[in-house]
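Using the sequences plus the hints, can you model the full thing?
Residue numbers (our numbering), protein chains in the order written: chain A, 1 to 215; chain B, 1 to 1005; chain C, 1 to 99.
Keep in mind the hints are simulated off the structure, nothing from the lab.
Mixed in with the good hints there might be a few duds.
To spell it out: a stretch of chain B is covered by chain A in this simulated footprint if at least three of its residues, at any positions, have a beta carbon under 8 angstroms from a beta carbon of chain A; those stretches are [said to hold, decoys possible]: (1) 160 to 167; (2) 270 to 282; (3) 607 to 615; (4) 722 to 729; (5) 807 to 818; (6) 821 to 831; (7) 949 to 962.
Derived pair list, reagent style DSSO-like, types lysine-lysine, alpha-carbon separation capped at 27 angstroms [unchecked claim]: (8) B:Lys897 with C:Lys38; (9) B:Lys917 with B:Lys975; (10) B:Lys911 with C:Lys38; (11) B:Lys378 with B:Lys481; (12) A:Lys173 with B:Lys966; (13) B:Lys481 with A:Lys173; (14) A:Lys37 with B:Lys622; (15) B:Lys455 with C:Lys80; (16) C:Lys21 with B:Lys897; (17) C:Lys38 with B:Lys890; (18) B:Lys911 with A:Lys173; (19) C:Lys80 with B:Lys284; (20) B:Lys481 with C:Lys80; (21) C:Lys38 with B:Lys966; (22) B:Lys897 with C:Lys48.
For glycine and all other residues, C-beta sits at the position ideal for the given N, C-alpha and C.
Okay, here's what each chain looks like letter by letter:
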Amino acid sequence: MSDTNSVAIMNQVPDAAAGVRAESPLHHADLATVAHKGNKIGGVHFREVGLMGHLTLRCDPNNAELIGAAARVLGVELPLTPLSSVESGGTIVRWIAPDEWLITVPNDQSFDLETRFRAEMSGHYSLVNGSGGLTIYQVSGENVVDMLKKSTPVDLHDSEFPVGKVVSTVFAKSGAVIRRTGANEFELLVRRSFADYLWLWIQSASAEFGLVVEA
Amino acid sequence: MTQKNRLQSGGRIDRSKALTFTYNGKEYKGFEGDTLASAMLANGIDVIGRSFKYSRPRGIVAAGAEEPNAVMQLGATEATQVPNVRATQQELFDGLVSGATNGWPSVDNDLMGVVGKVGGKMMPPGFYYKTFMYPQSMWETYEKFIRKAAGLGRSSLENDPDSYEKINQHCDVLVVGAGPAGLTAALTAGRAGARVILADEQSEFGGSLLSSRETLDGAEASQWVEKVTAELAGMKEVMLLPRSTVNGYHDHNFLTIHQRNTDHISDKAPAGQARQTLHRVRAKWVVLATGAHERPLVYGNNDVPGCMIASAVSTYINRYGVVPGNELVVMTTNDGGYQAAFDWQDAGRKVVAIVDTRQNPQGAQVAEASKRGINLIKGSGVIDVAGSKRVTGVSIATLNAEGTAVQGSVTKLSADTVATSGGWSPVIHLAGHTGSRPVWDDKVVGFLPGPTVEKRLVAGAIAGDFTTAGALAQGAEAGRKALAELGLGQAEIELPATEEVVVHPPMTLFQIPHLKKTSEAPKQFVDYQNDVTAAGIELACREGFESIEHVKRYTALGFGTDQGKLGNIAGMAIAAKATGRTIPETGTTIFRPNYTPVTFGAMVGRDRGELFDPKRYTAMHKWHVENGALFEDVGQWKRPWYFPKAGETMQQSLDRECKATRESIGILDASTLGKIDIQGKDAREFLGRVYTNAWAKLAVGKCRYGLMCGEDGMVFDDGVTSCLGENHFVMTTTSGGAARVYEWLELYHQTEWPDLEVYFNTVTDHWSTMTISGPNARKLLQELTDYDVSKENLGFMDWREMKVAGVPARVFRISFTGELSFEINVQANFGLQVWEKLFEHGAKYNLTPYGTETMHILRAEKGFIIAGQDTDGSVHPYDLGMGWAVSQQKPFSFIGKRGMAREDCVRENRKQLVGLKTTDPTIVLPEGAQGVFDPKAPIPMPMVGHITSSYWSANLGHSIAMGLVKGGLDRMGEKVYYPLADGRVVEAEICSPIFLDPKGERQNV
Amino acid sequence: MLHIYCPHCCEYREEEEFHVKGQAHLARPLDPEACSDKEWGEYLYFRKNPRGLHHELWVHAAGCRKFFNVTRDTVSYEIKEVYLIGEKPSVVAASVSAK
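Encoded structure:
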């Protein structure tokens, strides 16, 4: 039996013709208005990048066949070094665990990517669409590390946390996958249900530096 | 009032900046650079409180963290009240409002002084323990003392208006203390580029150098401090934290630092600033350069205001320009005590005498005293002081060579201040927090930090070297050692030249003998804060408490916020003497975090108010709010509880929601259910091992309910799992159990059955789940989908993929209400759109949103359990009457199978879940009510089980309940009685828990 | 607050990222049905509580969600080693006392 029959996959994104509005986890916060009315300068900048496609791939990192197939589908090698990531074109692949990677693509490409994985890969692996359950917070600015230090116990010093590093960790009383994307730029992957709590948290923790919301 | 004790010049205060402060309702003046304590002394305030047990007047004794008496209540308003602030650590600011912690109506003349004397006799050592042996009627007499003992001062009854920060820090080297040793350690490490944190509890760096008259490189020591501090401040990787007390040293070099950002500026932090910051530091190496505390000597009435430690007297004079009295007597066992007399004399006040307990003291200090014409009394001690609210005189007697007995006659001298030095105790508190036992050192006459597994170094006075030169050198050495251990290369620093000091041997003496034996002599205080006397310690030893840990607990020595800073060593010495042992044999107690009190605000940080705990929301939350839902906490989720309409009571809302669902259609946001995606060729096998029922034959497109048990056979979660593909399932769990089940699956997979090819992924947040339930559910769904959802095409316990309102969905025909139900799952980004579309089309069917309460009622009408409500970890599937969900045919011994076969699980008369119908149908039994078979049985009545679920059923017109009853499944039709707290005894009949539609015809249409 | 090296993430993390799951190396009996009530009871409930070296199961709950073993001294809280599921500890009580 081929994988496409043994596993149910579904294009979860409605056709554009259906005219269905998609709402990111912070939709209710109306960041566009906040951005318009709020601070224009400040030590911390915040932006939600919602509605992306997020796929979790699980497979044995020692299985060269699977790893090779994944690389062919993604167009980049899976990062096998713990806590590393690769970014190519619009695709980000993050190491989450020795047998787990979190892949981010534009949401309308996730079904296509899923389909290609299922066609290309066989054997023991899993691929799960988690797009509805995650959102990305981009945080940056000269005080971004100061804000993050209030929020997470991991060491964010450049020497310990270089650009490209990824950690899954505690963030406030919730969790986040943190990736450094620049000297003063980080990306936080957070769960939908915790999104509002973490947004409130970041506003509070950034207040002393001035928070600039972008949309 | 004028500052009668303020010098015209000198000190590190700014006389051009006068500050006003209030103490016990009266205004006083001080200067910028003062502490509250130095300002109080400048104003001649002698009594700053009453001792908590004996209610004796107390004055300021010390000048730093070790101050035991001047523990003040601060705050200009109710909201900004702060208890437990040491006046010696509180910097003065304009408008500071302070009050004494103990003593009412006033510390100078209070009623408690009388009561206290009685109380004192009534409160021997071991008071706390003895009290509990008294009859209860005595309690009220003691309670007020207990209350006072439980904590000094009071906290605000209002919300704290300030904000607090909590920050995680990481560093290569954390240096604790910025005296000479700490500064050279930090400078050495910093120069090599190490990530350094240097923390000091004082407002300025420098430690002992700030109040000393020693020179460094021939200039005032403060100049060197300024130079080093400036260099450190310029280093990118060095963080300097003044006003920051390192309070806790926890495992693996995790330390907490309590930084006071604005306490020196104002009562309430200026807008936008955090009042305090708690740093949570993980340090690769720690250098403790915490210095030493001078020990006061123990002598008669040594707690009368005016009795101080010698170095504190020098500090007040040199650092604050305050001479805390007019006529000074110094008593010392070592060279160190002399300096207080010299500083006092230089300040222009009278030194009555230096009393040296050594028979024949020698050296520069002795010569200097003689040169200054000071009356030096050798081989003697102050055995007692006169006065109550201030020292008025001293009794001096000659001692024997060992200092154990008084010899000869007593001389009385007039004096208002007694400064004593019993040597120095290294500040080893932090070194002991992780369990390392301090080690006695005869030469140091004190305890030194013991061996540790932590990556920790010590430098300076804490290591037993009390000289400035030693501190400077040891600090630099500690810095180099840390660098070497860290592999960070080398760095050298140039040490400043110090004055040469030759120290002559001190005398090992802690308690000055009296003419009378200790138990009859005037009170000789060891621990001021806890009112522990030498006699009390002796009594404890006589009563058989030999272990120092027992003596501590029996007497309260070193308890509370004091943590034995001043009194511990003397206390150990007295206990050692009383039990005929040496101090090392007696040992010492272990100090605990925190070193000084930490505010709750700093510990809490921003985890308060809205951010106290995460609130988890579904994609439809906004709709629920807009439609008037009240919410219930389910774990961290905010779930709609019910949706009241204007003017409705809760019960009216529930009745309406329940009826609408059974009569037409209701809708529930079920997004919070845990959802776990399971893939792999062994997924089916895995399910068979973790669920009690069979999964081998579940076809693609089908759903099945499953029970999960622990290895003990007890139910811990349940839910529906659906076969999405031959190798693909989605499991649902209870809302509260999702994380636990997910971790549990991983545990078995990773540790027991790694050979099974299966992967688990949580998809709880990914899907929005809305359940439409009721006779019109199919009609509504059909309006929104092209897929044929007829009975024939989408049967009970089937799932299908289809578009609902244009959105790709998985629709599961499963039911928790017993009605025709469809659970619609769409990617959460589209959840609210689909929900709203359902309402657009559902209005004509009176589509009614309902919450968790109606869900609970509807399922209880059907006898469906809620894991965690109807089960409690002691209930197996057969107890629930759910043997149908257990497959004994499966080849693998699934989790729970062996457990539920244990002797106790198969015995007769276990508590079993049954339905209960009250004889009076209007009575709704309280959940948790305990049942009995015989309501006339004598107390204690044999209890037979409790009510687990109980509701008013509007659909049935009577109350319904489920409960555990001993042997219940075999007692159908029998009566159980529920005696309630209000005196009623409610009769109920045991029945099937399926109250409605026992054949399941409603859901099978 | 322990500082724990995750052998999967290959770096030290704070204790708050981890959950401790109790004594390590408690293998589920291969044939539970063959166990007496006493044997099953021992598997279920009886745990060591040593003063000194203890082998514990931990999970990097907020990180990679992998389980692993920790050998920890229950007196000093020192972590002597971490090792993977399926591996045996190299630091055991006897080897320490022999030092």
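With the threshold set at 27 angstroms, check whether the alpha-carbon distance from B:Lys897 to C:Lys48 stays at or below it. holds, 25 angstroms
Within the assertion that chain A covers the stretch 270 to 282 of chain B, do at least three residues meet a Cβ-to-Cβ distance smaller than 8 angstroms? Held - the stretch 270 to 282 of chain B has 5 residues with a Cβ nearer than 8 angstroms to chain A, which meets the minimum of three.
Quickly compare the C-alpha distance for B:Lys917 and B:Lys975 to 27 angstroms and report which way the hint goes. Given pair B:Lys917, B:Lys975 holds - Cα atoms ~9 angstroms apart, limit 27 angstroms.
Between A:Lys173 and B:Lys966, is the straight-line Cα distance small enough, at 27 angstroms or below? Not OK: A:Lys173 and B:Lys966 at ~42 angstroms, beyond 27 angstroms, violated.
Holds or violated: C:Lys21 with B:Lys897, Cα cutoff 27 angstroms? The hint holds at about 22 angstroms.
Cut-off 8 angstroms, C-beta pairs, minimum 3 residues; does the coverage of the stretch 722 to 729 of chain B by chain A stand? The restraint on the stretch 722 to 729 of chain B holds, since 5 of its residues have a Cβ under 8 angstroms from chain A and three suffice.
Below or equal to 27 angstroms on CA atoms is what counts here, so check B:Lys481 against A:Lys173. Measuring from Cα to Cα gives roughly 38 angstroms; hence the hint is violated.
Going straight from one Cα to the other, do B:Lys911 and A:Lys173 come out at no more than 27 angstroms? violated, 39 angstroms
Please check whether the stretch 807 to 818 of chain B has three or more residues whose CB lies within less than 8 angstroms of a CB on chain A. n = 3 at 8 angstroms, threshold three: holds.
Quickly compare the C-alpha distance for C:Lys38 and B:Lys890 to 27 angstroms and report which way the hint goes. Roughly 24 angstroms separates the two Cα atoms, so the pair holds.
Per-stretch coverage check for the stretch 160 to 167 of chain B, three Cβ contacts closer than 8 angstroms to chain A: holds (count 3)
Does C:Lys38 sit within 27 angstroms of B:Lys911, going by the straight-line distance between their CA atoms? holds, 23 angstroms
Of the numbered hints listed earlier, those contradicted by the structure are 7, 11, 12, 13 and 18.
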